[in-house]
Each structure stands twice: as C-alpha cells, then as structure tokens.
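Participant: Chains as they are written, first to last, in this note's numbering: chain A, 1 to 787; chain V, 1001 to 1282.
Be a bit skeptical, because a hint or two may be false.
[As the list claims (entries may be wrong)] Calculated pairs, BS3-like style, for lysine-lysine (alpha carbon to alpha carbon, straight line, at most 25 angstroms):
| no. | chain 1 | residue 1 | chain 2 | residue 2 |
| --- | --- | --- | --- | --- |
| 1 | A | K389 | V | K1279 |
| 2 | A | K531 | A | K194 |
| 3 | V | K1096 | A | K380 |
| 4 | A | K689 | V | K1279 |
| 5 | A | K473 | A | K491 |
| 6 | A | K110 | A | K121 |
| 7 | A | K531 | A | K634 |
| 8 | V | K1096 | A | K614 |
| 9 | A | K531 | A | K167 |
By construction, these hints were calculated from the structure, which means they are not laboratory data.
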Amino acid sequence: MNSRVKFLRTQSLEAINTLNHERAVLVTKFYRDLLPENEPVPVQRALCFRYILANKSVYIGEQELIVGERGPAPKATPTYPEVSLHSLEDLDILDSRPKVSFKVSEETRKIFQEEIIPFWKGRTNRDKLMSLMSTRWKRSYEAGIFTEFQEQRAPGHTVLGRRMFGKGMLNLIAECDAALLRLDLGTDKEAPAKAAVLRAMKIAAQALIEYSYRHSEALDGLAAREKDEQRRTELQQMASICRRVPAYAPQTFHEALQHYWFIHLGVITELNPWDSFNPGRLDQHLIPFYEKELAAGSLDREQARELLQCFWVKFNNHPAPPKIGVTALESNTYTDFALINMGGVKPDGNDAVNEMSYLILEVIREMRLLQPSSMVQISKKNPDRFIHKTLDIIRTGFGQPSIFNTDAIIQQLLRQGKDLEDARNGGASGCVETGAFGTEAYILTGYFNLTKILEVTLHNGFDPRTERQIGPKTGDPLAFNSFEDLIEAYKKQIRFFADVKIEGNLVIEQLFATQLPVPFLSLLIDDCIAKGKDYNAGGARYNTSYIQGVGLGSVTDSLTALRYHVFEQEAITMKGMLEALEKDFKEYEEFHRALVFNTPKYGNDNEYADQHAKVLFQLFYDAVDGRPCYRGGKFRINMLPTTCHIYFGSVTGAMPDGRLAGKPLSEGISPVQGADQKGPTAVLQSAAKIDHIKTGGTLLNQKFTPSFFDDPESYRKLTALIRTYFRMDGHHIQFNVVSADTLRDAQNHPEKYRDLIVRVAGYSDYFNDLGEDLQNEIIARTEHKDG
Amino acid sequence: MRNGLNLSLQCFQKKVKVQGLLFDIRRYSVHDGPGIRTTVFFKGCPLNCLWCHNPEGISGEPQTIRRKRPLNGDQAVVEETVGKYFTSREVMNQLKRDLLFFEESGGGVTFSGGEPLQQPEFLKEMVVLCREAGIHTAVDTSGYALEEVFREVAGLTDMLLFDLKTTDNKVHEAYTGIGNALILKNLQSLKGKGPEVVVRIPVIPGVNHRPEDMQAIRKAIQDSGARIEAINLLPYHRLGRKKYEALGMQEPPAFGPEITSDQIKTLMKIFEKAGFETKLGG
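Chain A with its partners taken away, still in its complex shape (with noise of 0.2 angstroms):
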C-alpha cells in the first residue's frame, strides 16, 4: 500500500473509540424545539433527517480521497436516544470496560446528564416497547431463551442492489413525484398515509444531497488554503466528486465509491439499523465503472486500489453504536457487520467472477483491517482459481474472507418466493444471513436459546435460575416412559416459547412501523418508492423476519445423552440424570465422563447422533417458519449465535452433553467444542444432515492450523473439501487459522497482538478485545485441532 493508505490505515488503527454527543444533541433540540407536532411521522423523521445532516459537523482528513464521517471524528460514535437511552451508569461502564470501550468524555457525560437523559428519559422506543410486552414474554426474556434485536437497535438488515449505482438523489425525488401523482383518492383509503410517506421520502432524499453539498464546500475550502498543488488539484476534484454524487447517479469509479459511502452514512445517521447496511455485491456494482475508465485511460490498476483502500478505512473508521444494559454481554463487540461480498453468479446466472473481484481480494488481504468484513460466494460456475487466491487470504490467519454457496443462497431465496432474478442478485450479510439485495427487508429478531428450553422441559416449564414458571407444565420428566415423551414436551415448549417471542415481534414490527419510518432507507430499497409505504412497515418487495437458533450441537448431544443413557442404555435413571445435572455432575464424575467421552456425538458422521440434530431441526422449523410477519411477509429460521452461545450459556445450567452449568454452548451448527474426532469431512458430513435450504444462513466454523495451507495440494484439497460440502447444500463454512500457542501467548501479551484478528462466529473481531471466556473458548477449539 502507498504512504496514503498506510496514513490513513494507521490513523483508523490506532484511533480511540469515543461516545460522542453531538447526534444526541441535535436529535434532543429537534425534538424539543422544532418538532412540527402536525405533520406525520414520517415527515417528522425526515425532517430531523435533515436536521442531523444539516448541523453535524463535517469532517475531511488529511490525505482522504474518501470524505464523509457520520461523528465528527473517525471512531466518534453517536447514541440514539430516541430508540434506546444510555443512562450515566452506562456511559460509566463503556467509558472503562477494559475490552470494547468507549471513552466518554466530561462535556459528553454533563451534556447526557443535562440535558439528553432528562428529555427522553421514559420517552424512547425501547421504553413503549417493553411497555407493551407481555408478562410471558419478559419472563422469557429475563430468564435468556431469546434476545430482542429492536430493543436497542432499529431494524435495519438489508443491502444495496444494483440499481443504487445507477441513480441519484434526484432520480428518487423523480420516483416518489410520479408515485405521488400516481395516488388516487377515489380508489385507495390509504393514498394520505402514502403521500406522507413519499413526501418524507423526497425531504430524506434532498437532505443527502445539501450534506454532500456541505462537504464540497468545505473541500473548496480546504483547496483555497492548500498549497501543496498535487493536494490542491485532489481537493478540487473531490469538491467537485460531492457536487455530482449522490445527487446524480455516478459517471466514474471514485464517483461511484463516495456515492455508496454518503449512502451509507445516511442510512447509519437515519437510525442505528442492525445489521450495518453495507454495499453487499461491490465487485458486481464497480466492474462497469473500472471497465469503463480503464478503457478510456482515466483511471488504471494501482488508482483502483487506492481508492479502494481509502473506501475500506471508512468502513472501519464506523464502529458498531455502543450497546446498553447487560445486553453488551450478549453481543460485544465493534464490529458492525458490514459482509462485502464477492463471485457468485451474474443475473442471468453465468460466473459473475471478475477482475474486481480478484482486486478486491488483494485489498483485503493488504488493509487487514476489521471493517468492512469480507465473503465470497462460490457458485459451482466460479473458477477454482478464485477459492484458491482466497485461502490465499485465509491462510494468514485472518479470518476473512468466509465462504458462502451461491446455488444454495439462490435455492434457500426461491423457496422463500423470491423472483430468480432477484435471487441471483442476493448474497449473505450481517454473518450468514441470506438476503435478496435491494429488495428486502429481511429483519433478525433475536437469538433463541433452544438449549435453554431443553433445560426448562427437563423441569417441566420451570426455569431454576430464575427460579419462576416460565413455560406450560408439559410433564414430569420422571413420568416420561419414552424418549418420544420427551421430544413431545421438548416440542410443545419450543412451539410455546416461539408463540411468546414471536407475539413480541409483531408488536415490536407495528411499532416501529408506526413510530420510527425510515423515510432515507425507503428510498434505496425496491419497492418501497412504488407502494409509497416505508422500509419498516413493508414497502420492501420482500419481508422476512428472521429467528436464530443457537445451541444446535449442544441441544442434538443432550438428546443423544437422554436417549442413550436414560431410555436405552438405561445406564441412569431420570431421576439419577436430573440430579446430576442439578449437582452440576458433583459426586457424578464418572458418569460425566461417560456423557463426555463414551456418549455419540455430533459432528461425527454418527446417525445414532445426527438424527436428533434433524429431530430439532424439524421442530425449531415447525415452531416458525412461514408464519405471518407484520410487515406482510413470512418468519424464517436461521442458525447462527454471533457470540449468544456465550451470553445463553452463562444463563443455563448444565446439560446432559456433559456441560457444565454457565458454560459456552456450541456455536452455529459447528459441534460441540471438541465433541468431533473424525476430522473435517465428518464434521461437513454431519451438518448437511439437516436441510439448508429450508433456512435463511447457517453457520459453520471450522479450525485449521496453517499446516492445512502449506501447497498447492493442499490448496486443491481444501477446495475439494468446500466444493464438496457446497454439493450437498452446505450453506457456509469458515476457516480460523491460529495455532493455540499463538493465542495464549496473545492472551498473555496483548500489546505483541493488536492486529491479531480471529474468526468468532460468523465474523471476526480483535482477539484482544474479546472477553476472556471467548478467547478461552476459541484457545480451546484450537487446542483441540492441534493435538
């Protein structure tokens, strides 16, 4: 990388993270002084929209080709009170955590305290939302068998399309003006409701582009004063780059760059969606572009990667917004999920691998940097030669790109309903979550603990830790004659448990819908300009919500146990099972090590085991999918745990895999940590058991140490191995390559490490920022690997 790139990636490297006030402040006085109490909601959210934009401060650092911050400073992050309100504890805890924290400054901490906490205290979205919950429902919640996503964070999980890179600001304000005049009182009740919403739109719209004006002042600003010439002419160019984009669609590659990245500061200022927007097929949007100017000499090679470079900063100069309460246990971290994706297959359904995407590649590999994290789909059109200058990357023990199947995206988007082509266009976002790009809204709700509820069946609707009735009385476990007894109660709470978590989301969708539109955001996502209905109420051509299921392995080993050990081996009775789990396996030893050791697994290619990974599979499907969302589309499942396996399993007491209270569930639908001793095909073997195409993402971690990346056969061995699994509709699969020496010795020095980024879940993330039982968890994946 040249001396720009490395300035400015060391500048992002080595910024502090900081709770900043400056949209709290403006949201506060919109609210308080300038709300116009008689227009609609939408309009209202548009206008603050604007507010924001209009007043924030804009920041153009030195050296950048990229401009646009969405805090007045990189890593500056803001709050956003009007969903969720960080009391003074909480800006006191995320000031000196030792691991994900944000320094919070005096001024910020009187400013919250003055004049932020007073005004929305009792008034944000979270507080209406728990409000409405019901009794089950929180009981659920506290006890931890699910998550809420909205509670803090908006919905947000979408990613642009195509068609955004052919558009401008002024194209949509065209948009949503024939839409208007397309309204008709006679003939539709809600043509009002609609106007408003296209109006908002229009004011969403027109506010980016005074932002982006604001930024090409600022830069002739700059310009007049520099006098450096080569920077003065760069200015001058990048003034003149933020008076065209994103007002008109971008005519060249640096245009089309700043264009996404005002984009996506909008939609990250509009409101904190999770997961982060993020420009999902970029090789695909860009290769016009480079084509274009590469042919008429106006750009080569070496500039495209500058470029790029200088656009990957920004992603990472944007960390996630800093959570409230306990939920930071839940999902800690900085990173904001923004999956680039790369390869898979054009619209027309031929290999869509490309000479951006080889480039994008070697950004990746060069910038290191943990935003914006990286994937590439692998169609079986795409060249092995594009998996293999992948593991190029993954082999360095970076934990990106991960690998997605392409023909299984496509499959799992068209038994959802989904056009081909719309299909085609899609990709994974967020971890591994499944998505039509640019035309839906597909919503995660929450994780949900599905050890957790095997736990409470086992004790017939009662939660011990919490020590309350949560669920329905579906039996005592000492009169189940059967293991079908028991999967029958195990059914009935899971269906229970998903009625109670579900029924909060349908109230959660109306509210936001109702309360907090996203007039920005609707205008970038098909069909929401068209059907002049907002991105959170159903405007998007798709609506999926989606629920997560952690605790695959854990769950399919303790029924596996139960099965074995209780009904036919009948080595324990229940009664002698239950207690041991009650006693935490105390005075149980030897057993616990038959339950660790001599007890079929998952992850093995067993069937004895599998079969009940399938059992639960059916019944968590059953339990959710093609139920009505609000938002006129359907819920779906997928399986993965981001980090929740941790926070779900300090909530659940030990289980009859033979773990022990408060620790770690398995991760995804990897096996139990350690639980597989066959090796990488039976583990691949055991997780296409359940049926892929019936989810919206699967997550699936595999550990190699980098002797697996040593030649070119080994090359060709790991591409089989990928290919292999993409053939029986495996969905995702990801490398970690670390060895356990080099973790502990990065646990014991994190000073020596602070680059070292590994694959948690379905993303990666600092390993030094990561809480210990993390890292011990991902130390003893390795371990296991290496011996």
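Using the hints provided, position chain V relative to the given structure of chain A.
Facilitator: Using the frame of chain A, we list chain V on its own:
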C-alpha cells in the same frame, strides 16, 4: 438351546468371514496419497522400527491406551481399547461415507498400518470391494510380505506407497529388527506393469540421513524398474513418542540431531536429479 445355537452360529461366521484388526479409520487424511482420503490403519507389523510414530500399529493384538483428553479446562485420563475387529462390510460402510469428497478431490482410500499385508485376506477383500465401489485405493507397506501376497496385492491396488528405509541389510536389521532382502526383492517384482508407486523414505538422523545412504536408495529404486510416481522424504519427528507411554510400551531412544532443512534439500536433489518428482512429507 437358543444360546447353544447362537454360539455355534458365531463360530460358523468367524470361520467364513475374514475380519480385520484395525486401530483407526481416519478421514480427511491428506498426507497418504492423492486427494482427500480415508486411511484404514491395520494393526500388527513384522517390523520394529525404532522411530515408529504409530507404535499402536506394532502389536497384532488389541491393547489398552490411556489418553489424556481435555475436560472442562482440566485433563481427564481416559482408557480406550486400541484395536478392534471389523468385517469388510463394516469398514466399507465407513469408507463410502466420504465418497463425494473422494470424487471431488481425486482421493480415495489408503490402507496403512501397521503392515496391511500382514492381514492379506482382509486386505485383498477390502481392495476389491473398493474397486467395485469405484474408490481409488493405495496400500502403504513396508514391503515385508510373502512374495505371492505382495504380488497379488500389487496387482489389485491402484497405488502402492512403498516405505523404503535403507538398502543396507545390517542397518536395516539393527533398527527394524529384520533384514531387508525380502523387501528389496518385492520392490524388484514391481518391474514393468504394476500399480503406480510412491516411495516413501523416512529420514532418520544417524541411520540413513547421509547423501550416500540416499544415493544407494535412489539406485535401488531406479534398478527396480517400477512405475515410480513420486518420492516422498519424511523427516524424523518425535510426535508419536507420547503414545509409547500411553500404551505402556518401552519408549525407544530419540534420534538426533534434527535434520536441517539444508540437509533435506541436498537429499531431495539426489532424487530430483534422477528425474523423480520429489516431495517433502507425504
């Protein structure tokens, strides 16, 4: 009455069914032949190589091994039996599981050990069954076997991984417990038609690490006239040594000093110059 019947049935089955004594069936084995393979480890070996890193393959009887395995942040000692009798059908059920991986990678099954040729009937049956199932086979052997057994297996398998230690009969006897005359004879029997042969040479400090040792091996290989696909040099390592203790076996002295990478390069050149594709490791 019923018991009596069962017993006699069992005896009958044992007589007609050949069983194999195996100590492991390892999947995603990537260092024992081309592609992704499953390696079947036969238990029992006529040689007693002092550098053996699979000591559980030496004895032809089931053994008890005490393994340390991680358990909740601590270590638990677990006793396991190493060595189990399998029918060919049981083994085939295991091997067929990774068929797609074999197909995609150009891999297959490797029969290793121990010495697979020590259990010739079972080995032959396995190789034939694999061929029928369209699975590529490799047999990893010390070459120490009855000549007709060796020739028969060589005629059935797609590939032979021939482990050659030294051409010096005295050295061979000193470190493996037997002379190498039969081994060299079997190597020569591969002349002309036969399976693809990969010669695998463990490089042991103080035993065969000198260039002249390798020159002699090179000559023996060239003289054999076998279809040599590649040469693999396998430098001595101590990774298997903990297993001796776990098996309650006397641990042989370690060899040293460690072979440097420069030394290995020199040795590899000897084979490369003779036109062989030569690789470090299997």
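Participant: Would you mind marking each hint as holding or not holding in the structure?
Facilitator: The hints, checked one at a time:
no.	hint	result
1	K389/A / K1279/V	holds (23 angstroms)
2	K531/A / K194/A	holds (8 angstroms)
3	K1096/V / K380/A	holds (23 angstroms)
4	K689/A / K1279/V	violated (37 angstroms)
5	K473/A / K491/A	holds (12 angstroms)
6	K110/A / K121/A	holds (16 angstroms)
7	K531/A / K634/A	holds (19 angstroms)
8	K1096/V / K614/A	holds (21 angstroms)
9	K531/A / K167/A	holds (18 angstroms)
Violated hint: 4 only; the structure is consistent with all others.
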